[in-house]
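Chains A and B, in that order, are what the protein sequence lines are.
The opening residue of the first sequence carries number 146 in the working numbering; numbering runs sequentially from there.
The opening residue of the second sequence carries number 184 in the working numbering; numbering runs sequentially from there.
Just so you know, the hints here were simulated from the structure itself, not pulled from any lab data.
Where is the CB? At the ideal position from N, CA and C, for every residue including glycine.
Be aware that a few hints might be false.
[To be verified] If you only want the chain A side, here are some residues facing chain B, beta carbon under 7 Å, derived:
#, residue
1, D171
2, L174
3, A176
4, T178
5, P182
6, S189
7, K192
8, E326
[To be verified] Taking lysine-lysine and the DSSO-like style, the derived pairs with C-alpha atoms no more than 27 Å apart in a straight line are:
#, chain 1, residue 1, chain 2, residue 2
9, A, K302, A, K404
10, A, K273, A, K466
11, B, K796, A, K220
12, B, K715, B, K456
13, B, K208, A, K220
14, A, K234, A, K220
15, A, K372, A, K289
16, A, K218, B, K603
17, B, K456, A, K215
18, A, K192, A, K303
19, A, K256, A, K289
20, A, K386, A, K234
21, A, K218, B, K193
22, A, K256, A, K302
23, A, K220, B, K456
24, A, K302, A, K432
25, B, K723, B, K672
26, B, K193, A, K234
27, A, K218, B, K715
28, A, K273, A, K192
29, B, K208, B, K193
30, B, K715, B, K193
31, A, K256, A, K234
32, A, K387, A, K432
33, B, K603, A, K215
34, A, K302, A, K289
35, B, K715, B, K796
Take a look at the letters that make up each chain.
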Amino acid sequence: MSPWLKRWLLMPLFMALMTTMTGCGDPYLSALTPKGPVADIELSLIKLSLYIMLGVFLIVMAIFVYVLIKYRKRKGQEGIPVQVEGNHKLEITWTVIPILLIAILSIPSIKTTFDLAQRYDNQGLKIKVIGHQFWWEFQYPDQKVVTAQDLYIPVGKKIQIDLESRDVVHSFWVPALAGKEDTNPGMTNHMWLQADQPGVYKGKCAELCGPSHALMEFKVIALEPAKFDAWMNNMKALQAKKSITTTNTALEPAVATFKSNCMACHAIDGQGGPIAPNLTTVGDREKIAGILSNNRQNIIRWVTNPQDVKPGAKMPAFGGKLNEQQIASLADYLTSLKAGE
Amino acid sequence: MAAYASHKPKRTGLYSWLTTVDHKKIGILYLLAGGLFFLIGGIEAIFIRLQLMYPDNHLFIGDTFNQLTTMHGTTMIFFAAMPVIFALMNAVVPLQIGARDVAFPFVNALSFWLFFFGGVLLNTSWFLGGAPDAGWTAYAPLSTSNFGGGHGVDFYVLGLQIAGVGTWIGGINFLVTIINMRAPGMTFMRLPLFTWTSFVTSMIILFAFPAITVSLVLLMFDRLFGGVFFNPGGGGNIMIWQHLFWIFGHPEVYILIIPCFGVISEVISAFSKKRLFGYNSMVFATILIGFLSFMVWVHHMFTVGLGPVANSLFGIATMLIAIPTGIKIFNWLFTMWGGQIRFTTANLYAVGFIPTFVIGGMTGVMLAMPPADFQYHDTYFVIAHFHYVIVGGMVLGLFGGLYYWWPKMFGRMLNETLGKINFWTFFIGFHVTFLPQHFLGLMGMQRRIYTYLPGQGFDTLNFVSTIGALLMGVGMIVFLVNVYLTARKPADAPADPWDGRTLEWSIPSPAPEYNFAQLPLVRGLDALWVEKMAGNHELKSAEPLGSIHMPSPSIIPFIMSVGLFIAGFGFMYHTYFVSVIGLGITIVCMFIRSLVEDHGFHIEKEEIEQIQKGVKV
């Protein structure tokens, strides 16, 4: 084999090596590191199809490389090669074998398609996911609890999800737990998933929905059943209050500011509007606005000018309406809203 | 009404290009315009990759980024790829079947100008408040006017509608040409594969484009006239857009690739010095792919919630397309088997196509399985797949075709050394750009995101991918340099620089105005090769030498397209008197065309003899 050919053949190997050396990605995000049965089934299909396709590729490449080396025109080579019309046996071979391979792939594909479409309506926890530009609303209809951005679920239980949208098409995707399903305005979709391990799983919006499609991230927080029950009971209690109060007198002005400026859209503890993210226990959230680290400074940044953080955000900017002190005290108040308090 | 005198009208310079109805010049116009839009789309791609080079980058963000991705996709598919395909079809098909032009030369010119003005209209959006930003797929309801954004999507609707009419009548034109205008002896089963693939492509165009026409009309009504087709609140349904769009959209991607399959068949055969292996199977496979392309559109909608029955059926149908495609790959490999392979630049492209397109096909089969697709859909895995088949498949094929047929179109051969540099930089750059993207998708990176947070494992692969894109850009610059330097050489290419097998190589390079002084008599598949093997260096004629009837040039197609261009702006800005003026111009032109008799002109026998004498064969 000529030295130049050897070098060029190494190139794809190098590329593949380099690519795989970057690892499988974040274990709480990657579809390659499933942490639940749905993502597991999907990865096994991915692997099956990949291995069969790699087999086909190797055969094609073997013929390809052989032909290019053996039949390249040599210097001074004359004459005309035999003009071959075709070969019936070969045509049949390379028609029948692909048909068989596709049959092999079809069977698990169809079976899994039906399995994943099963509704387990009487098992597990019911959740309604509603996509908005550019945030995620989560409702627990049986418990009458509403949250946003962080979806709490118990480990080891089937979660039944109904998917809706209030505006454009979004898509609900938690790769480490399950493949995605779209949220379509005007209809309700259904999927199920399950987390087999506790953890904070990263979720993404997977359908172009406007300028901040990239920033519409959410989390699925899987807790051991006992911890989940504790979280749920606390949320139920807080939202049953139907009134925003604080025991900390220093925060009372902030509560007043919240009620006159924010409550039309946002709800806390069961009081307030439904069209913006519910802020009950927002101090516990993994992120502010889905992407900013949850700290006082970022809350100030967000409230002052949301469009600066998320282009096209629907929330009005309060930098002009409220002064810095008011926004800072709001941030103090919101940071204090934790489950334990 | 008055009939025109039958002498050749004098047209020179720019005006001759604006009025030409000659398929050869129209082919060059398509190549120039398509090339220009390809550069624009390429710059858009570089901007996208520069933005994504680092996490949290702020080069092009938010809606600007969405405009870039939308325009990159729309421009590349409709205004770069399809025109270059039409360039090759125009330049080659009439020559390959032994005809003097296409069936409807006037309509051919109209096709070009409609495409051109559609593309110009779309790109004026950059300067008029912002380009469309809802993706090249323009899903409703994001693309209807209710969700912010300016006029952008209006430019998409009207630009594509105008250009789409051009493509559709072009498809009809080539169908009629191939059916009606084959030289004596050129039966269907003696057609070269590039003509067969042009035929199947034209069939697909005929049936697919009406679907996008309808889609765009419905979207236009929702955006401009208060329609609610895609508004659930008004009783509409957002899924209708997706179905209608993809009923067009999937066949569209086969419109893109099938002509390139034809190029590969021609180039591999010519440069292996062998006839195409399994000609009958190749024809059958092409027709089957064309047919199946209409049966698979829901594979773009697996996550939409149509249910397991629909998903399963369309998953199987999608996987089935792999079978005729695989047949083609093996037949190309066995065409080379036993041959004498010359690695000209054209053949490098054709040979490079094979492993690259196979990888794209592999990921296609993987994508066809609905539960797996639930993970892949709308991620960089899909972006990697379609760039492998479109760039690694179609673009490599088109460049192969350009290097191969350049002498026939321009009378000059592109420089081989620059060609090889062009090929290798582009080819390597391509794999460096898109191979990592498969992994990015599986690791959780969605499509159409203008940035990503650091620490998710995306940083390195995005950086590498951008380097690859820059390398592809270098490859393209080398190509442009090659084109420029070649243009400065004298037009002295031989008629048959590659020792070809098909009819186009039996006439001078570039082809004379009338193509064939006398229509040839075809005696078998690979019509020119048959004669060469019999010891003749040219084909027998099927008719005596006589005066040749030619169609007159006309400025009307250009003006008709300008009329529609003006009307488009009128609709977009709700200034309907402008629309009336624009449409009026177009309709008046149609009247003039219908009522003014123009019987063309003749090239007389003496002139033909002069031209043939001065020509190198």
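Broken hints, by number:
As far as the earlier hints go, 4, 5, 6, 7, 9, 10, 11, 13, 14, 19, 20, 21, 25, 26, 28, 30 and 31 are violated by this structure, in ascending order.
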